[in-house]
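Peer 1: Here the structure of chain F is known, so what remains is to put chain E in place on it, guided by the hints.
So the protein sequences, as listed, match chains F and E.
In this text, residue positions in the first sequence follow our numbering: the first is 38, and each later residue adds one.
In this text, residue positions in the second sequence follow our numbering: the first is 38, and each later residue adds one.
Among the hints, erroneous ones may be present.
Said to hold, decoys possible - Pairwise CB distance ranges, derived in the manner of DEER restraints: (1) 276/E with 418/F: 38 to 46 angstroms; (2) 224/E with 361/F: 36 to 44 angstroms; (3) 165/F with 163/E: 35 to 43 angstroms; (4) 163/E with 384/F: 37 to 45 angstroms; (5) 44/F with 225/E: 32 to 40 angstroms; (6) 82/E with 44/F: 46 to 54 angstroms; (7) 339/F with 225/E: 33 to 41 angstroms.
What the hints assert, rightly or not - In silico DSS-like cross-links for lysine-lysine, where the CA-CA straight-line distance does not exceed 30 angstroms: (8) 361/E with 48/F; (9) 53/E with 246/F; (10) 53/F with 82/F; (11) 48/F with 48/E; (12) 246/E with 361/E; (13) 48/E with 82/E; (14) 81/F with 53/F; (15) 246/F with 81/F; (16) 82/E with 53/E; (17) 246/F with 246/E; (18) 53/E with 81/E; (19) 246/E with 53/F.
No wet-lab data here; the hints were simulated from the structure.
Glycine included, every Cβ here is placed at the ideal spot set by N, Cα and C.
One letter stands for each residue in the lines below.
2 protein chains.
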Amino acid sequence: MNNFVFDNSTKVAFGKGCVREHLPEFLEGCGERVMLAYGGGSIKKNGIYDEVTQILREAGKTVTEFSGIMPNPTYAKVLEGAELARRENVDLILAVGGGSVMDCSKAVSLAARYDGDAWNDFWRNQGTVDFQPIPVCVIVTASGTGSEVNGEGVITNEQTKEKLGRDYHACNARLALMDPVYTFSLPRRQMVSGGFDSLSHMMEIYFGKPDGPNVSDDLNEALMRGVIRDLRASIADPEDYDARSSLMWESTMAENRIIKLGKSTDFECHMMEHALGAYTNCNHGEGLSVLHPVYYRHIYQDGLTKFCRFATEVWGIPAEGRTKDELALAGIDALAGFIREIGMPTRLSEIGITEENTDLSEVARSCEINRGGYRALTAEEIEQIYRECL
Amino acid sequence: MNNFVFDNSTKVAFGKGCVREHLPEFLEGCGERVMLAYGGGSIKKNGIYDEVTQILREAGKTVTEFSGIMPNPTYAKVLEGAELARRENVDLILAVGGGSVMDCSKAVSLAARYDGDAWNDFWRNQGTVDFQPIPVCVIVTASGTGSEVNGEGVITNEQTKEKLGRDYHACNARLALMDPVYTFSLPRRQMVSGGFDSLSHMMEIYFGKPDGPNVSDDLNEALMRGVIRDLRASIADPEDYDARSSLMWESTMAENRIIKLGKSTDFECHMMEHALGAYTNCNHGEGLSVLHPVYYRHIYQDGLTKFCRFATEVWGIPAEGRTKDELALAGIDALAGFIREIGMPTRLSEIGITEENTDLSEVARSCEINRGGYRALTAEEIEQIYRECL
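Same shape as in the complex, but just chain F (with noise of 0.2 angstroms):
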């Protein structure tokens, strides 16, 4: 096991009615002027907008609406949101919603609060800051990305054609309430979408080594049998209440740090996706079920004792009969099954990216090269992976 160090400072409330339950009390501890972060108003059609104003009207708070967070949320809407937050100076920052909404929300809390050019560097550069961001608390609306108990805020940079994110412990919010029945009117697009996210950030850590017996995969092969079981119970009955809140919760578990520990990470396929993101703005989850299987069959002989083990404890299928090369490659074919079963896309064109569209090449080559995986691939490697998307 490798060495490292483990810290996490949210606190969360899980579960029916928490918000209703915890937020009134958090609320006593923070101070008067509070900005409420939210997307583009499913919020406001849901309920869940009433029950939170109600609550912060009731806590007697004065109330900034910072509106509009986008999918993909761009550094100019972050820049836009710690304008308004200096303005107002504002105490709390109370997001409302996804893992977009919860990544601005975040960057923003430390924008606000940081006088030089925050993109280049904190973002680019992964700079410190000496200050503490303003609080945050977030409200799940959608889950998968786990951004409710992370610091990472992932940000598109238009200008520059940059998506970038980073874990920064002192962005952890400071309390998640985590409602499952608040993801019940989420459309099954968006519900698939975030589910597979979380299996991806699974795979990302799953796929690093140690080889040997070690507690994160132990922990990580649980975790994502769950996260395939629980979906399939979730798209066949939305409001099945166990799988919904068993599904939140693994996303969950899947980036509170706990599976990352003591082992090499890959998350190349997020590189992959981040960097056809910032020229495409595509579906964060859909590009990914679209790069996995590809990607994987590509550097499968680099970890073969891992995908073997995938193969056989993941998807349960049988090691006996088959040469290790077969095994692995069963495993990612169930791997592929599984996407095309919970009908999420398999093809770069089905989510509207096109060679004529795009320059692959470049993008490509804007590719961060993650170091943490069985390969690390060279620009060419990338691009040949997107074509072999298309």
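Peer 2: Chain E alone, transformed into the frame defined by chain F:
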């Protein structure tokens, strides 16, 4: 999934060399006066005492020693430490040891700042306090209890013959330093006893509702299979770093609150052991190893679904060809076989407890009844279980 709140403030630094790497920086943020708490002196033989005191000297700290903390730490010892901590006005308690040293130190951290009757108000009547206990940093030299990552302090009151504990969040250590190499010199009996204590925590959490698919049970099964595997490997080679580090981290994962989330837990076996321990001062892990199979044979029909799952998922026993009763009992038999395999006691007489020297009826009547498992026992049943264990 049941509603829950998760919150764990302890920072963990894990791995070979972590004390030298992380303790100096942590000490910078503390005051000048440090109480160094430890047990019977084994840390003076294995070099850990020298390493830690040198770091304290380099940091210019004024050190007060609080030594001789015994297994099953007593409330008298807690009061002794509290008196010393007050007199020396310590800013930090640095606990170096296993569960007993950590538990006692956390209890001291609270009692030192409490003017009333801490035993009555805090341990027995589950009161709360409105002050911050003295900060605690733990350096783990024996794993098993998981005390490094929670607020638990299990303390024996010799006068009232009570052994009580509770997970009080304000008592969480600020920093836990976990170097697996520090556990290498532990005698085999203690290593095995600690490993079984971890498995016991996992089982106590596992045997509670829900019985359907849920994240806690999924993760727990992965941890149980891991602790069984890694305890075997650690017995075969006590200096197998991978096995010892996994074993250490599994015991932490069992008690950092994560796998308790969303479900009811039992811990009746711990209660039965605590009652026995208060009267006989028996070894905690060994008391548990005697009690578990007998207790489970008593209650398995009330949790038949989960006991069948335990047999198939943890012990790999095929369900085919067995009735549910047979399958459940085969799982308990496998547990009993493992206890014999690792050389732990299976009879109370082996750990010095007999009908002649212990009033089992009185012990049973003093035992706390938990309500989270599959059946709440009566005092008569507890006495019967004790007698079957003789």
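Peer 1: None of the hints should be skipped; say for each whether it holds.
Peer 2: Against the structure, the hints come out as follows:
| no. | hint | result |
| --- | --- | --- |
| 1 | 276/E with 418/F: 38 to 46 angstroms | 41 angstroms, holds |
| 2 | 224/E with 361/F: 36 to 44 angstroms | 41 angstroms, holds |
| 3 | 165/F with 163/E: 35 to 43 angstroms | 41 angstroms, holds |
| 4 | 163/E with 384/F: 37 to 45 angstroms | 59 angstroms, violated |
| 5 | 44/F with 225/E: 32 to 40 angstroms | 33 angstroms, holds |
| 6 | 82/E with 44/F: 46 to 54 angstroms | 32 angstroms, violated |
| 7 | 339/F with 225/E: 33 to 41 angstroms | 39 angstroms, holds |
| 8 | 361/E with 48/F | 40 angstroms, violated |
| 9 | 53/E with 246/F | 18 angstroms, holds |
| 10 | 53/F with 82/F | 19 angstroms, holds |
| 11 | 48/F with 48/E | 14 angstroms, holds |
| 12 | 246/E with 361/E | 18 angstroms, holds |
| 13 | 48/E with 82/E | 28 angstroms, holds |
| 14 | 81/F with 53/F | 19 angstroms, holds |
| 15 | 246/F with 81/F | 45 angstroms, violated |
| 16 | 82/E with 53/E | 19 angstroms, holds |
| 17 | 246/F with 246/E | 35 angstroms, violated |
| 18 | 53/E with 81/E | 19 angstroms, holds |
| 19 | 246/E with 53/F | 18 angstroms, holds |
Going down the numbered hints, you'll see the structure goes against 4, 6, 8, 15 and 17, while the others check out.
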